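Asker: Here the protein sequences come in this chain order: A and B.
Note that this note's numbering has the first sequence beginning at 1, numbered continuously upward.
Note that this note's numbering has the second sequence beginning at 1, numbered continuously upward.
To be clear, the hints were calculated from the coordinates, so they are not data collected in a lab.
Values in this document were obtained by computation on a predicted structure and should not be read as measured data.
In this text, a Cβ means the ideal position worked out from N, Cα and C, and glycines have one as well.
Be a bit skeptical, because a hint or two may be false.
[Stated by the list, open to error] Cβ pair distances, simulated, as ranges:
(1) A:Tyr42 / B:Asp140: 54 to 62 angstroms
(2) B:Pro123 / A:Arg11: 52 to 60 angstroms
(3) B:Asn215 / A:Asp185: 34 to 42 angstroms
(4) A:Arg244 / B:Asn176: 55 to 63 angstroms
(5) B:Ser28 / A:Lys252: 57 to 65 angstroms
(6) A:Arg81 / B:Pro199: 35 to 43 angstroms
(7) A:Lys79 / B:Lys252: 50 to 58 angstroms
(8) B:Pro123 / A:Lys79: 51 to 59 angstroms
(9) A:Lys79 / B:Asp140: 53 to 61 angstroms
[What the hints assert, rightly or not] Here are the simulated lysine-lysine pairs, DSBU-like style, with alpha carbons at most 35 angstroms apart:
(10) A:Lys59 / B:Lys172
(11) B:Lys59 / A:Lys252
(12) A:Lys252 / B:Lys252
(13) B:Lys99 / A:Lys252
(14) A:Lys46 / B:Lys146
(15) B:Lys172 / B:Lys146
(16) B:Lys210 / B:Lys99
(17) B:Lys46 / A:Lys59
(18) B:Lys252 / A:Lys203
(19) A:Lys203 / B:Lys59
Number of protein chains: 2
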Amino acid sequence: MRLIENWFSERYSENLQLSFRVMDQLLSVKTDFQRIDVFETYDFGKLLSIDGTVQLTEKDEFVYHEMITRVPYFMASRKPRSALIIGGGDGGAAREFLKLGLERITNVEIDSQVVEVSRKFFPSLASSFSDSRVTLIIGDGAEFLKENRDKFDIIIVDSTDPVGPAEVLFHKEFYNSVKKALSKDGIIVTQSGSPFYQPNGLKLAYNGMKEVFRNVSVYTAFIPTYPSGFWSFTMGSDSPLSARGDEVDPGKYFNARVLEGAFSLPQFVYELISG
Amino acid sequence: MRLIENWFSERYSENLQLSFRVMDQLLSVKTDFQRIDVFETYDFGKLLSIDGTVQLTEKDEFVYHEMITRVPYFMASRKPRSALIIGGGDGGAAREFLKLGLERITNVEIDSQVVEVSRKFFPSLASSFSDSRVTLIIGDGAEFLKENRDKFDIIIVDSTDPVGPAEVLFHKEFYNSVKKALSKDGIIVTQSGSPFYQPNGLKLAYNGMKEVFRNVSVYTAFIPTYPSGFWSFTMGSDSPLSARGDEVDPGKYFNARVLEGAFSLPQFVYELISG
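Same shape as in the complex, but just chain A:
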């Protein structure tokens, strides 16, 4: 990743980019799967980029990690006790599940270097991997599910966007293998991109899940350092989804009202997934 006069820019398209002024480039490494960069920025603390795309910054990662874990946790009809994380090699999702008191967390990350980088530069996320309740597996999430015989109350897909190595994680075949690994009343959530800049990612996830699960819902959150600042998550279950809002302790973004309000989709998003 080449910096221009100490600015790191993420291109949202040929014609739009968000740029962060950086103090230092702490790492740039090409792994078997992707390019990983770490920058020390002025306004957002450390920033992790994969293939030129912001994955997280220290300042606003709380939004993504709270929303991908707490929403399914509090939408389950009974209190979840186990979770499978596909991706999530930074450790942020596992950290949030630990906070929620889960007893058993399996985290399958395809790229060992993401874990190593996070251990070195983002210890407040990666320290979750040292907890005895977390089992870290380096491997392909789709392959893992083919062999797996365990059941999980929540499965989340905390992957890069549906181009490149993560594409398979947005298809019906994958959701079928997810379904076999879910316990009764289990819930899957995947990050599904910016409805504004990546409408096809959201449609892919929604339509794929619709073919496999009885109930599918989309919710959104504000994530300042992701394209458009507006991010979607897609949730599926064969059981009815209803909020256990009275049990909620607020996070930094999440609270009982957000648990309800996040499902209020702007009309253009509603039409995107209905059409």
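Given chain A, work out where chain B should sit, using these hints.
Answerer: Quick look at chain B alone, frame taken from chain A:
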């Protein structure tokens, strides 16, 4: 506004900027109040900038203009018939009020050049000024309210941010004069900036309104081309606010669920205005 290799950049801080690639700079003019620029962009159609800050783009202006008009319209206990717009010289807010069937709209814009520029480059917004139900006044909104004897069901402050000429529009004294111009059950809404990058603008609006109105609420919307993509609006009234959701026709962003969900504030925003 100087372009660097055909990119227009809005600096959100010294260390962060969003950049649009532009085909052409259509206008750059220094008025008595501010600098106005119009660009033809690749991805967002025409873009209006004031003092280097994006005011609107053709592609996403619908979010801001729907949310600043329809939310107060459908939160009023009885159907509003008149509105006062302070600012809004582009005509977008007046256009939305016309769609809602208001009978009398007064629009007070301080800078005649904003109106002229919008008439020339954004006719789909400024054409609202040709409607007989709209009275356009070029003048200072705060001064207008001192002399005004009319009553309005809705007053909106569709201004630039609380630095520069618009600052006075975020203070208690201004809200007191607004209150005198509101009819019984009347509602005021002001745009109140990005809770993420401009927390003080939101606090200023919220605290100022709290001193003057019995009920004050904050709601938010996703606006891709505004800083962080996450925008706040602050609403005040002496009457109870409750949604008339059953009367809603969806817009492109707004719908009955958004009318409720927009008030579900992330925890850090809730703490910002409570603290």
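Asker: For each hint, tell me whether it holds in the structure or not.
Answerer: For each hint, the structure was consulted:
1. A:Tyr42 / B:Asp140: 54 to 62 angstroms: violated (38 angstroms)
2. B:Pro123 / A:Arg11: 52 to 60 angstroms: violated (32 angstroms)
3. B:Asn215 / A:Asp185: 34 to 42 angstroms: holds (40 angstroms)
4. A:Arg244 / B:Asn176: 55 to 63 angstroms: 44 angstroms Cβ-Cβ, so the 55 to 63 angstroms window is violated.
5. B:Ser28 / A:Lys252: 57 to 65 angstroms: violated (41 angstroms)
6. A:Arg81 / B:Pro199: 35 to 43 angstroms: Hint holds: Cβ distance 38 angstroms, inside 35 to 43 angstroms.
7. A:Lys79 / B:Lys252: 50 to 58 angstroms: violated (39 angstroms)
8. B:Pro123 / A:Lys79: 51 to 59 angstroms: holds (57 angstroms)
9. A:Lys79 / B:Asp140: 53 to 61 angstroms: holds (58 angstroms)
10. A:Lys59 / B:Lys172: holds (33 angstroms)
11. B:Lys59 / A:Lys252: Status holds; Cα separation ~32 angstroms.
12. A:Lys252 / B:Lys252: OK: Lys252 of chain A and Lys252 of chain B at ~30 angstroms, within 35 angstroms.
13. B:Lys99 / A:Lys252: Violated - the C-alpha atoms of Lys252 of chain A and Lys99 of chain B are around 38 angstroms apart, more than 35 angstroms.
14. A:Lys46 / B:Lys146: violated (50 angstroms)
15. B:Lys172 / B:Lys146: Given that 35 angstroms is the threshold and the Cα spacing comes to 14 angstroms, the pair holds.
16. B:Lys210 / B:Lys99: holds (30 angstroms)
17. B:Lys46 / A:Lys59: Roughly 32 angstroms separates the two Cα atoms, so the pair holds.
18. B:Lys252 / A:Lys203: At roughly 18 angstroms apart (the allowed maximum being 35 angstroms), Lys203 of chain A and Lys252 of chain B satisfy the hint.
19. A:Lys203 / B:Lys59: Since the Cα atoms of Lys203 of chain A and Lys59 of chain B sit roughly 21 angstroms apart, the hinted pair holds (cutoff 35 angstroms).
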